[in-house]
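Per my numbering, the very first residue in the sequence shown carries number 72; after that it's consecutive.
These aren't lab readings, by the way, just hints derived from the structure by calculation.
Beta carbons: idealized from backbone N, C-alpha and C, even for Gly.
Any given hint could be a false lead.
Cβ pair distances, simulated, as ranges [to be verified]:
id: 1; residue 1: ILE88; residue 2: GLU112; range: 13 to 21 Å
id: 2; residue 1: SER136; residue 2: SER106; range: 27 to 35 Å
id: 3; residue 1: GLU108; residue 2: ALA133; range: 15 to 23 Å
id: 4; residue 1: GLU129; residue 2: HIS94; range: 31 to 39 Å
id: 5; residue 1: GLU75; residue 2: LYS95; range: 33 to 41 Å
id: 6; residue 1: THR110; residue 2: GLU78; range: 32 to 40 Å
id: 7; residue 1: ALA93; residue 2: ALA139; range: 15 to 23 Å
id: 8; residue 1: ARG143; residue 2: HIS94; range: 17 to 25 Å
id: 9; residue 1: ARG143; residue 2: ILE91; range: 17 to 25 Å
id: 10; residue 1: ARG143; residue 2: GLU92; range: 31 to 39 Å
id: 11; residue 1: THR110; residue 2: ALA139; range: 27 to 35 Å
id: 12; residue 1: VAL140; residue 2: GLU92; range: 31 to 39 Å
id: 13; residue 1: GLN109; residue 2: GLU78; range: 27 to 35 Å
id: 14; residue 1: THR110; residue 2: VAL135; range: 12 to 20 Å
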Amino acid sequence: MSDETDEAIYPIANWDIGPIEAHKLVVFRPHFISSPEQTTEDAQISRYYAMTIEQAKELRLALVSAIAVLER
């Protein structure tokens, strides 16, 4: 991902994440800040997003990789 973006960026304030064992899915629901005046306590709560086990593993690897770049 480039440092330059024309897209709006919404900081994540918190999240809900967990398994749905019956369907073998990981669900993720971010809480995000949509305006500079908003506090983390007033963060907007998004809808739930579902990932397969493989997608969750790929997300984990992508996060680890991005963190490694930032910690250099």
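Okay, the hints, checked on the actual structure:
1. At about 19 Å, the CB distance of ILE88 to GLU112 agrees with the hint of 13 to 21 Å.
2. Taking 27 to 35 Å as the suggested C-beta distance range, the pair SER136 and SER106 conforms, at roughly 30 Å.
3. Taking 15 to 23 Å as the suggested C-beta distance range, the pair GLU108 and ALA133 does not conform, at roughly 31 Å.
4. At roughly 18 Å, the beta carbons of GLU129 and HIS94 sit outside the given window of 31 to 39 Å.
5. At about 38 Å, the CB distance of GLU75 to LYS95 agrees with the hint of 33 to 41 Å.
6. Between THR110 and GLU78, the C-beta spacing of about 23 Å breaks the proposed range 32 to 40 Å.
7. At about 35 Å, the beta-carbon gap between ALA93 and ALA139 misses the expected band of 15 to 23 Å.
8. As the Cβ distance of ARG143 to HIS94 is approximately 38 Å, the hint placing it in 17 to 25 Å is violated.
9. Checking the proposed 17 to 25 Å range against ARG143 and ILE91 shows it is violated: the Cβ atoms sit about 36 Å from each other.
10. The beta-carbon spacing between ARG143 and GLU92, approximately 38 Å, falls within the hinted interval of 31 to 39 Å.
11. Between THR110 and ALA139 the beta carbons are some 31 Å apart, a value that agrees with the proposed interval 27 to 35 Å.
12. Between VAL140 and GLU92, the C-beta spacing of about 34 Å keeps the proposed range 31 to 39 Å intact.
13. Hint check: GLN109 to GLU78, Cβ distance near 19 Å, so the stated range 27 to 35 Å is violated.
14. Checked against the hint of 12 to 20 Å, the pair THR110 and VAL135 fails, with Cβ atoms roughly 29 Å apart.
Consistency with the previously given hints fails for numbers 3, 4, 6, 7, 8, 9, 13 and 14, ordered from lowest to highest.
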